[in-house]
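Protein chains: 4
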Amino acid sequence: MTLDIGVLGYRFMGKAHSNAIARLPMFFPDAPEVNREVLVGRDEEALSNAADRLGFSRTTTDPSEAIESVDAFYNLGPNFVHPEYSIEALEAGVPVFCEKPLAPTVGEAEEMAEAAREAGVPNGCAFNYRFVPAIRYAKSLIESDELGEIHHVRGRYLQDWLVDPEAPWAWRLDEELAGSGALGDLGAHTIDLARFLVGGEAGEISEVSGQLRTFTDERPTEDGETREVTVDDAYLATAQFEGGAVGSFEATRNATGHKNDHTIEIEGSKGSLKFSLERLNELEVLREGSRGFETVLVTDPDDPYIEHWWPPGHVIGWEHTFVHENYEFLSAVAEAGEFEPSFEDGLATQRVLAAIQESDASGERVSLD
Amino acid sequence: MTLDIGVLGYRFMGKAHSNAIARLPMFFPDAPEVNREVLVGRDEEALSNAADRLGFSRTTTDPSEAIESVDAFYNLGPNFVHPEYSIEALEAGVPVFCEKPLAPTVGEAEEMAEAAREAGVPNGCAFNYRFVPAIRYAKSLIESDELGEIHHVRGRYLQDWLVDPEAPWAWRLDEELAGSGALGDLGAHTIDLARFLVGGEAGEISEVSGQLRTFTDERPTEDGETREVTVDDAYLATAQFEGGAVGSFEATRNATGHKNDHTIEIEGSKGSLKFSLERLNELEVLREGSRGFETVLVTDPDDPYIEHWWPPGHVIGWEHTFVHENYEFLSAVAEAGEFEPSFEDGLATQRVLAAIQESDASGERVSLD
Amino acid sequence: MTLDIGVLGYRFMGKAHSNAIARLPMFFPDAPEVNREVLVGRDEEALSNAADRLGFSRTTTDPSEAIESVDAFYNLGPNFVHPEYSIEALEAGVPVFCEKPLAPTVGEAEEMAEAAREAGVPNGCAFNYRFVPAIRYAKSLIESDELGEIHHVRGRYLQDWLVDPEAPWAWRLDEELAGSGALGDLGAHTIDLARFLVGGEAGEISEVSGQLRTFTDERPTEDGETREVTVDDAYLATAQFEGGAVGSFEATRNATGHKNDHTIEIEGSKGSLKFSLERLNELEVLREGSRGFETVLVTDPDDPYIEHWWPPGHVIGWEHTFVHENYEFLSAVAEAGEFEPSFEDGLATQRVLAAIQESDASGERVSLD
Amino acid sequence: MTLDIGVLGYRFMGKAHSNAIARLPMFFPDAPEVNREVLVGRDEEALSNAADRLGFSRTTTDPSEAIESVDAFYNLGPNFVHPEYSIEALEAGVPVFCEKPLAPTVGEAEEMAEAAREAGVPNGCAFNYRFVPAIRYAKSLIESDELGEIHHVRGRYLQDWLVDPEAPWAWRLDEELAGSGALGDLGAHTIDLARFLVGGEAGEISEVSGQLRTFTDERPTEDGETREVTVDDAYLATAQFEGGAVGSFEATRNATGHKNDHTIEIEGSKGSLKFSLERLNELEVLREGSRGFETVLVTDPDDPYIEHWWPPGHVIGWEHTFVHENYEFLSAVAEAGEFEPSFEDGLATQRVLAAIQESDASGERVSLD
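Residue numbers (full-length UniProt numbering), protein chains in the order written: chain W, 1 to 369; chain F, 1 to 369; chain Z, 1 to 369; chain X, 1 to 369.
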């Protein structure tokens, strides 16, 4: 069976997923065969060029038409596009893979998760960092109780592309279109990773105090005007987990000198972990009985996904996480199986983001239940 | 002129300060001459042994008697001892050097600062990390605007000596005696460093949301019983600075694998800094126009205090911060000059700690004014 | 025009190059179109499976037949296969891309370089580390005199896959088949990088003292016997460059805990560099006037090859060096242009390797001229 | 009993040892009592000032007079002063502690070692890096077979204070006065550490190939003239150990950006180690069964010498190695015991240095036996 897929979005995420799908046959020979059937967008010329380069059979400017003709639908557009077409696909019984954050608002995310539940087809929220081998390895250590009871979770995501106040306005800076700023774009990744890694041991996040900050209130547009920035440049939060662990979270697009510095640190009663996305092949592990953090290069044949790639020490890159993610999602589609992170996971993260926003507005700690 | 000094406390801090004073003549020949006149404590035998080893002329179990006979009084006892004898000394016109946090409660700290203001003699709160050469160098970079407008301050202090639930009860775990736990013991250092480094540019901390956590509720005592732990094992806070910067703070004694990991990171519109106490000779600096963080070994002859020590790359240790601190304090005493950090600084930090505690209790953001 | 290519070898290197070629259309749209025409090997079944997975139109067990039918020939077999078929292809006017080291012996390398000179078609020796963006960036810094006069070059390549004396015998351990051990397999990369980076400023290596070491003299074979190891497990060398710089080189397959640790350090009169393959997106740079090494993440859009990939901080992997290398080689083939590193470069490195072997045998420093 | 000691030399090393001795009572209460009796030098005024600051009772310009009146003699003068007064003291039955390298030439070192053997009193060569806690800990790991059979030793010592060709001439740059340059000054430390760490397991160095290099042939003097540099700015060597391990050694004073970067790496059949002097509280350890190097902060109470100092994570500095060294030497003097590293150790290292020089001159590998 060959799966026909339709993809909405042909820029950064469109390229990342198309590449991932294109690489499956050589490296994951047991993946289902995939036909990049149709690429969806609005600008016909740009779309046509992209389809050519990304290996799609045809293009359309009508998402509904695409949805009708495919076995799986990738919703990689701006956040505000996520709800409508994801729900439409699900209602048509078409599996959906949607970029993160799941939706601009928690209300929309709830509708999407509801649609997913009713559809009963594979649905995924594209938290690709779950598919970093070092992160999978970290999870296996936590699951096998190498860390003991979880005490601390620390996650931060630092970038610097908005430090310059003259950096241009973009859809990501508009609350209507994006929902939130660094919170949804970067924080969603961090919250999801925290849930993925310690959810089984520490439970869900049960309370948060949050703070948002916008450093630059308006930015230039292409037409020489300025436009208001209506989302956060940075968020900070402290959190309580059901099981008693505490968490500290932060993301910013104003961290001068940090390009893509997504860091997770976890400390338990027996051991600890550190991970940084800029060195994504490495995991620092403190085991019971050892005296310091071990710098593990997670590139051995029995490390997650590594047997598909290269010998030890021949490091992989950021894009490989998309290959793993697509392998899992498309396998689930082919086998009518389950995929995680699902829309349910996307919603759970969205609820935390919303609570952070609510806490920022009210100045009060917010409980999730 | 020789300064006679009296020191209350002869364990960890007593040793650290006595050593510092003893080293001044060889390395800081322009420091005032100091006579370690009297060591104050309760256990006469232990006190006498300590006086011998630490080079004191005599001992007493009566702090008041000591205060009367010295040119400067070091209050290095447990936190609950800080207010009474510090105030007594100040009222007698004797300069006081007091360990941190200044007092168990902000109320007592206010009384101490008031006494210091009225006394008009040098008074110091022992935030020794201000005297790390790399931290002084960091401050000079910030003052000369190398970082531009400050956006982010991130401070955390991770230790692991209370991870073991069988670690014994001690005075530091009692609210009456210590005021707070990791918050006052470790967090006080972090808040003071933040104030020291960015206070001039970002202003004071104006708002905080705080969260405390005690992982182990009771601990064994020497007599085979258990005793309640009434302070925090960890605190987390987010903060707002007057000038618009945001801060994230945390300390814990339950961070498995971290021994004395006090980290400060600051990001500004033009540059950034990172510092870690476990590598205290190093500062990581991101300058305007450069592409990455420079790892600077702050051991050059023109670095703060270094000309007194060794050639470049011959690293100094934790204890050297006490030598610098004592040099500055004793010079201020000899010259009837001013010393920073003063009781005023101790109080300012205490107010932030109190606000964090209040926020933890109320679940609401707390404003400082 | 579409280039038909033939590839001899379908294991590690065959997969790495096939993948690279397959990825060109999406990421390097101006690369020539390539048809993976024929895959060459001896074991028909394995070959057929590989051809399927690696995207080749057909297979053959006759290299000569393949050579006749292609526009470029990739010689990715074991070292002992390099000379015969590379020369055959060149004599047929077919561009050749040959894995490193160029040949088992310097005599064969000379014949190959001679054949390349006479053929006048593009020829390449696959020193892929020249195509790491951080290495290209390093070269640009050296060329623009950021390091000044070169004083020191330090290169080492540490792996550990032969530490276990029970690791099985393989062709790489036989002098007839491989020429040498760690020297040719790993040292060839190091010597080539040194030549690439400082050749223009420091000149060629003019003298070496070398030492080889075999830690395990025989190893088990698949049939339960043992077979002699006739190559080195490790080499060490000191070197003199024409321009006065000195070099220290080493490689080993017995460095417990090091997986693929290829490190180059260069110090000049004004600045210095450090690079490590296990963190291949990073370059440490010490610039004139700065105080420490800057850790540069070489993933900005204007860094070599990066505009073809992902945004800043979205790191690439080891395999990307093959994409860049194939892009350059195939472009040279399409345009009848020149490619570096060429067979001439392969020969230059081989001469250094041979001098190290000669020095090891004689105990005397060996001059190259 | 109080030991009267005499010290020749009052600059860098004089200060380092005087400080160390002064600190013993507070931190090593079981050390013998020491009276800094007499400081020896040539410039009476500078000498008198130094004696004051370093705590000596008196001064003399006559080493022989000092030797007669003390219980131990510290020879901390320039290298060319080492032989005469060390031998004089030993012949007078006075224990001697001599700075490294033991002598300018191996011939003189042999005479010194012979004098030490005949005197039968404690004698020490000041290889202070043997007294770094992390190095002692490393040795304990090697002795308890955590590394298995030693395969590789790698040592390099990088400084940059002679990169500037205008850096002034000094006695260290004259062969008559210093014996050699970076080789004796820095290389002696590295060779001694290698012997200390792996001598028991890998045996002595049995063969070397060496290369010396002088980058700047003459340098300005204080009187505005220039003077010839007759020693090496850098050395490189490869070595063979009796037990089959191989070694790579290097030192330079021209490594731009490296201040005091003394690095030792050791790889064995079961585990590996890395140490760097600029982070002297840390040891990187790869243990059997672990996946990566553990970064161990060697500051726990049961680490070598640490119980005398501060709690875990409160790092020590370079100077502390002198305290440990003096504690051991003076204890040996008080108890008429033995001290290592002795003159015998100084001589063993000197033989390796001489073999490196000989190999540089002859171009041939040199055997030591």
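If you're looking for bench data, these hints aren't it; they were derived computationally from the structure. Take the hints with a grain of salt, since some may be wrong.
The calculated EDC-like cross-link candidates involving lysine to aspartate or glutamate, where the alpha carbons are at most 16 Å apart (straight line), are [to be verified]:
#, chain 1, residue 1, chain 2, residue 2
1, X, Lys274, Z, Glu282
2, F, Lys274, W, Asp261
3, Z, Lys139, Z, Glu282
4, F, Lys270, W, Glu207
5, W, Lys274, F, Asp164
6, Z, Lys274, X, Asp261
7, W, Lys270, F, Asp164
8, W, Lys270, F, Glu338
9, X, Lys139, X, Asp261
10, Z, Lys270, X, Glu166
11, W, Lys139, W, Asp261
12, X, Lys270, Z, Glu166
13, X, Lys270, Z, Asp164
14, F, Lys270, W, Glu265
15, Z, Lys270, X, Glu364
Evaluated hints:
Between Lys274 of chain X and Glu282 of chain Z the CA atoms are separated by roughly 21 Å; this puts the pair beyond 16 Å, and the hint is violated. Proximity of Lys274 of chain F to Asp261 of chain W is assessed by CA-CA distance (about 14 Å); at most 16 Å being required, the pair is judged to hold. Proposed proximity of Lys139 of chain Z and Glu282 of chain Z is supported: the alpha carbons are some 14 Å apart, at most 16 Å. With a C-alpha separation of about 35 Å, the suggested pairing of Lys270 of chain F with Glu207 of chain W is violated against the 16 Å cut-off.
Distance check on the hinted pair: Lys274 of chain W and Asp164 of chain F sit about 21 Å apart at the alpha-carbon level, beyond 16 Å; violated. Restraint check for Lys274 of chain Z and Asp261 of chain X: the C-alpha separation of about 14 Å stays at or below 16 Å, so the hint holds. For a cut-off of 16 Å, the pair hint linking Lys270 of chain W to Asp164 of chain F stands: about 9 Å separates their Cα positions. Annotation: proposed proximity of Lys270 of chain W to Glu338 of chain F is violated, straight-line Cα distance about 47 Å (limit 16 Å).
The straight-line distance between the Cα atoms of Lys139 of chain X and Asp261 of chain X is roughly 20 Å, outside the 16 Å bound, and the hint therefore fails. Taking the CA atoms of Lys270 of chain Z and Glu166 of chain X, the gap is about 14 Å. The hint holds against a cut of 16 Å. The straight-line distance between the Cα atoms of Lys139 of chain W and Asp261 of chain W is roughly 20 Å, outside the 16 Å bound, and the hint therefore fails. Restraint check for Lys270 of chain X and Glu166 of chain Z: the C-alpha separation of about 14 Å stays at or below 16 Å, so the hint holds.
As the CA atoms of Lys270 of chain X and Asp164 of chain Z are separated by approximately 9 Å, the hinted pair is consistent with the 16 Å bound. At most 16 Å may separate the alpha-carbon atoms for a hinted pair to count; Lys270 of chain F and Glu265 of chain W exceed this at roughly 27 Å. Distance check on the hinted pair: Lys270 of chain Z and Glu364 of chain X sit about 33 Å apart at the alpha-carbon level, beyond 16 Å; violated.
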